[in-house]
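There are 2 protein chains.
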Amino acid sequence: MRLSRYFLPVLKETPAEAQIVSHRLMLRAGMIKQASAGIYSWLPLGYKVLRNIEQIVHEEQIRAGHIPMLMPTLQSADLWRESGRYDDYGQEMLRITDRHGRDMLYGPTNEELITDIFRSHVGSYKDLPLTLYHIQWKFRDEIRPRFGVMRGREFLMKDGYNFDLTKEDALHAYNRHLVSYLRTYERMGLQAIPMRADSGPIGGDDTHEFLVLAETGESEVFYDSQITDLKFGDRAIDYDSVEQCQAVLEEFTSRYARTDETHDEAEFAKVPEERRRTARGIEVGQIFYFGTKYSDAMGATVADAEGNKVPVHMGSHGIGVSRLLGAIIEASHDDNGIIWPEGVTPFHCGIVNLKQGDDEADAACDALYNSLTAIGLEPLYDDRSERAGAKFATMDLIGLPWRITVGPRGLKNGVVELTSRRTGESEELPPEQAIARIAAIYGKATA
Amino acid sequence: MRLSRYFLPVLKETPAEAQIVSHRLMLRAGMIKQASAGIYSWLPLGYKVLRNIEQIVHEEQIRAGHIPMLMPTLQSADLWRESGRYDDYGQEMLRITDRHGRDMLYGPTNEELITDIFRSHVGSYKDLPLTLYHIQWKFRDEIRPRFGVMRGREFLMKDGYNFDLTKEDALHAYNRHLVSYLRTYERMGLQAIPMRADSGPIGGDDTHEFLVLAETGESEVFYDSQITDLKFGDRAIDYDSVEQCQAVLEEFTSRYARTDETHDEAEFAKVPEERRRTARGIEVGQIFYFGTKYSDAMGATVADAEGNKVPVHMGSHGIGVSRLLGAIIEASHDDNGIIWPEGVTPFHCGIVNLKQGDDEADAACDALYNSLTAIGLEPLYDDRSERAGAKFATMDLIGLPWRITVGPRGLKNGVVELTSRRTGESEELPPEQAIARIAAIYGKATA
Numbered sequence: 021m022r023l024s025r026y027f028l029p030v031l032k033e034t035p036a037e038a039q040i041v042s043h044r045l046m047l048r049a050g051m052i053k054q055a056s057a058g059i060y061s062w063l064p065l066g067y068k069v070l071r072n073i074e075q076i077v078h079e080e081q082i083r084a085g086h087i088p089m090l091m092p093t094l095q096s097a098d099l100w101r102e103s104g105r106y107d108d109y110g111q112e113m114l115r116i117t118d119r120h121g122r123d124m125l126y127g128p129t130n131e132e133l134i135t136d137i138f139r140s141h142v143g144s145y146k147d148l149p150l151t152l153y154h155i156q157w158k159f160r161d162e163i164r165p166r167f168g169v170m171r172g173r174e175f176l177m178k179d180g181y182n183f184d185l186t187k188e189d190a191l192h193a194y195n196r197h198l199v200s201y202l203r204t205y206e207r208m209g210l211q212a213i214p215m216r217a218d219s220g221p222i223g224g225d226d227t228h229e230f231l232v233l234a235e236t237g238e239s240e241v242f243y244d245s246q247i248t249d250l251k252f253g254d255r256a257i258d259y260d261s262v263e264q265c266q267a268v269l270e271e272f273t274s275r276y277a278r279t280d281e282t283h284d285e286a287e288f289a290k291v292p293e294e295r296r297r298t299a300r301g302i303e304v305g306q307i308f309y310f311g312t313k314y315s316d317a318m319g320a321t322v323a324d325a326e327g328n329k330v331p332v333h334m335g336s337h338g339i340g341v342s343r344l345l346g347a348i349i350e351a352s353h354d355d356n357g358i359i360w361p362e363g364v365t366p367f368h369c370g371i372v373n374l375k376q377g378d379d380e381a382d383a384a385c386d387a388l389y390n391s392l393t394a395i396g397l398e399p400l401y402d403d404r405s406e407r408a409g410a411k412f413a414t415m416d417l418i419g420l421p422w423r424i425t426v427g428p429r430g431l432k433n434g435v436v437e438l439t440s441r442r443t444g445e446s447e448e449l450p451p452e453q454a455i456a457r458i459a460a461i462y463g464k465a466t467a
Numbered sequence: 021m022r023l024s025r026y027f028l029p030v031l032k033e034t035p036a037e038a039q040i041v042s043h044r045l046m047l048r049a050g051m052i053k054q055a056s057a058g059i060y061s062w063l064p065l066g067y068k069v070l071r072n073i074e075q076i077v078h079e080e081q082i083r084a085g086h087i088p089m090l091m092p093t094l095q096s097a098d099l100w101r102e103s104g105r106y107d108d109y110g111q112e113m114l115r116i117t118d119r120h121g122r123d124m125l126y127g128p129t130n131e132e133l134i135t136d137i138f139r140s141h142v143g144s145y146k147d148l149p150l151t152l153y154h155i156q157w158k159f160r161d162e163i164r165p166r167f168g169v170m171r172g173r174e175f176l177m178k179d180g181y182n183f184d185l186t187k188e189d190a191l192h193a194y195n196r197h198l199v200s201y202l203r204t205y206e207r208m209g210l211q212a213i214p215m216r217a218d219s220g221p222i223g224g225d226d227t228h229e230f231l232v233l234a235e236t237g238e239s240e241v242f243y244d245s246q247i248t249d250l251k252f253g254d255r256a257i258d259y260d261s262v263e264q265c266q267a268v269l270e271e272f273t274s275r276y277a278r279t280d281e282t283h284d285e286a287e288f289a290k291v292p293e294e295r296r297r298t299a300r301g302i303e304v305g306q307i308f309y310f311g312t313k314y315s316d317a318m319g320a321t322v323a324d325a326e327g328n329k330v331p332v333h334m335g336s337h338g339i340g341v342s343r344l345l346g347a348i349i350e351a352s353h354d355d356n357g358i359i360w361p362e363g364v365t366p367f368h369c370g371i372v373n374l375k376q377g378d379d380e381a382d383a384a385c386d387a388l389y390n391s392l393t394a395i396g397l398e399p400l401y402d403d404r405s406e407r408a409g410a411k412f413a414t415m416d417l418i419g420l421p422w423r424i425t426v427g428p429r430g431l432k433n434g435v436v437e438l439t440s441r442r443t444g445e446s447e448e449l450p451p452e453q454a455i456a457r458i459a460a461i462y463g464k465a466t467a
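From first to last, the protein sequence lines are chains P and S.
Quick note: the first sequence uses the numbering used here, first residue 21, plus one each step.
Quick note: the second sequence uses the numbering used here, first residue 21, plus one each step.
For the record, the hints were derived by calculation from the structure and aren't laboratory data.
For clarity, every value in this text was computed on a predicted model and none was experimentally measured.
Each hint should be verified, as a subset may be incorrect.
Same chains, same names: a pair is fine if it fits in one copy or spans any two.
As the list claims (entries may be wrong) - Derived lysine-lysine pairs resembling DSBU-like cross-links, with alpha carbons at most 35 Å apart:
1. LYS53 x LYS32
2. LYS464 x LYS329
3. LYS53 x LYS375
4. LYS432 x LYS464
5. LYS53 x LYS464
So that you can see chain P by itself, here it is in the shape it has in the complex (with noise of 0.2 Å):
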């Protein structure tokens, strides 16, 4: 994309209502727009990297075997009537009247209408194990939005469930998913601790959060600082695999590790004093087992091997995919601006032309610009005639991992510089070395 013809609004000033640095950046960088109390417009910058999360959480969901499919925004309240949440849900819930006086409301979440789905289309344990998920946008009246996405009322969420025919079945789902977000997160440049969650009313240890550590998240957390050594990498895994799934789900839940919801200072003390942390965290998912309560309330049940009908098992799983992009910056950025991960930059690096209208550095970096769309790399081009302080700053604003400035006194020598945005380190190299660094770093080949 050449920078005079996209639509990069970014603001000099940093906006007065936001009061958390990711909220700022977004705003800053042009990403988003707020449209009306805790909803925001995408604008193209961030729309990118929104599209680049919801991909990978798509790629890591269908590895584990769950099956896409998309749910509406608005419910009939009389699913949630069935389930008793209706009435329970509060001023949260967006309730709605049709034309004809019918009660609708935006959905917060979909455990009614996925049970109404299956329900209406399984009968049998043989259709079992199942677990359907989609990512569509929900709502929640939030009292007081804030933080832009990180608190939104309309944010963009993952959401699976799970169907099985034993509490065992389930068990293997909630693994398997705690599995596959552990990838999604690391794939984001993430670490997202899983912290034993509040599990309410359900009781046992089937919940976990899953908590990015930041300075402004907004719950206190508590952990053996061995959990952070921790990584999933690029280990095969087997999904299928009862056992696999289950050693993951030991290695990285066994060490203390709660909010404040659930921590138990007692606990908390058998931690070696030197290994105990207190930090703070930002939810961006969380795993659910709660067997068969909507399942008995709605009656969605399959014949199993004896012909007998039985509740099935449920379970949700959720990521909060909006809110993600306000971690990830929490977690990556400095004072000139963001810093993304190379797994979700909206743009693969950007090209500074520090001469714009010198017929050598604009055909260097039309060069530059071509080769790496050839090799199926998006490059962010500043093509426009500023001077070079400010496509800095605008290229440290909007966190591009890496930067090729090109201009005419490098290519007196054959050279053009190539800058980590990370370290802020610079190297000088010809233009087909910098062409072949980016792509070795993008997993991409050279022709």
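Assemble the complex: chain P is given as a structure, and chain S must be docked to it using the hints.
This is chain S only, laid out in the frame that chain P set:
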């Protein structure tokens, strides 16, 4: 995908509520399920086609130089009061009150919101031309929703908005949209004819609807038969060229083609009698130039080269993304089910194992499946223990354009059967040749 692990709830019975063939087939093929009146869940098969259509729309919009972004579903009533449409819109607008008593609405379209974004961020003619688009769910509270996704209440639409300094520039944007739409529909296997539409209070020729011919279409259409011979094909086009885009507009709109709304008997009579056609059509898109209607009302101005503030010239351009599934099926089906065009098919081909459990047949199917997957194709492998007739019926119903049938008898002679869904013609050939044929159809290189 192996069918035994998929969620494809096909129905044997034809649902009574469905009046038109696309609605019937989408329900029977397990593509959608009604959630409430005019609101549908997209089951996995339907969701895949929806995503394919969305992807084609994105690719063609980006090719034309238009920039993707995303606006929210809920909007504040205030902006609509500014444009004067809040009171005009009537009962089709779903009006919502939030917990603080603020008036909101579920967006039926986005002229106000995009104009607000534009006026907040763009101030100079140097930032023009600019065309922004998004693909987002909309809501129109139809009094009598029917025909499945063809006239639903919650529907997915691509809507794009151009901002230009002059009327001439805006008409070029109009032409660019016309060209990109022709390409878009052709890639989906559709012939969509641009027809002069009712321009209402704006006047002039500056709106066209795109109609797909189908017996069940909601509009009566009148056209010169020469128009159905026109193909855009794979001709190269420079979207920046005013002349090239104008020439395409002239080529595709100079012959008589109108809906009942704009039909003119006297003009139609000038078409040679043997070329006059009447038929029915489904509207799948519309392009519109409306000048400064919204920029005047909402103060969206830029400074021109002389420093004068002038209102921008705008247009809006829509494609009915979810409705297209219905339109494609109306235009492409037979008594046995759907016939997907290759461009949008949910799976590239089906594999039918005639003798599940037979070692040789199972191994041959696995090998086919793996080979097709390895070259980037997605087969649907019916690995259930069903009789052949049931497997064929399912494949015909869900409409995959190609089917490979594998059975012990063929394998003895080293062959499988390749069948075209459209023609019904079958051919026996060695598995590797079947793979090469499918690869060639979808433009994939074999190893």
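Checked hints:
no., hint, result
1, LYS53 x LYS32, "within (15 Å within a copy, 49 Å between copies)"
2, LYS464 x LYS329, "neither (52 Å within a copy, 47 Å between copies)"
3, LYS53 x LYS375, "within (32 Å within a copy, 58 Å between copies)"
4, LYS432 x LYS464, "within (29 Å within a copy, 43 Å between copies)"
5, LYS53 x LYS464, "within (34 Å within a copy, 41 Å between copies)"
Checked against the numbered hints given earlier, the structure breaks only hint 2 and satisfies all the rest.
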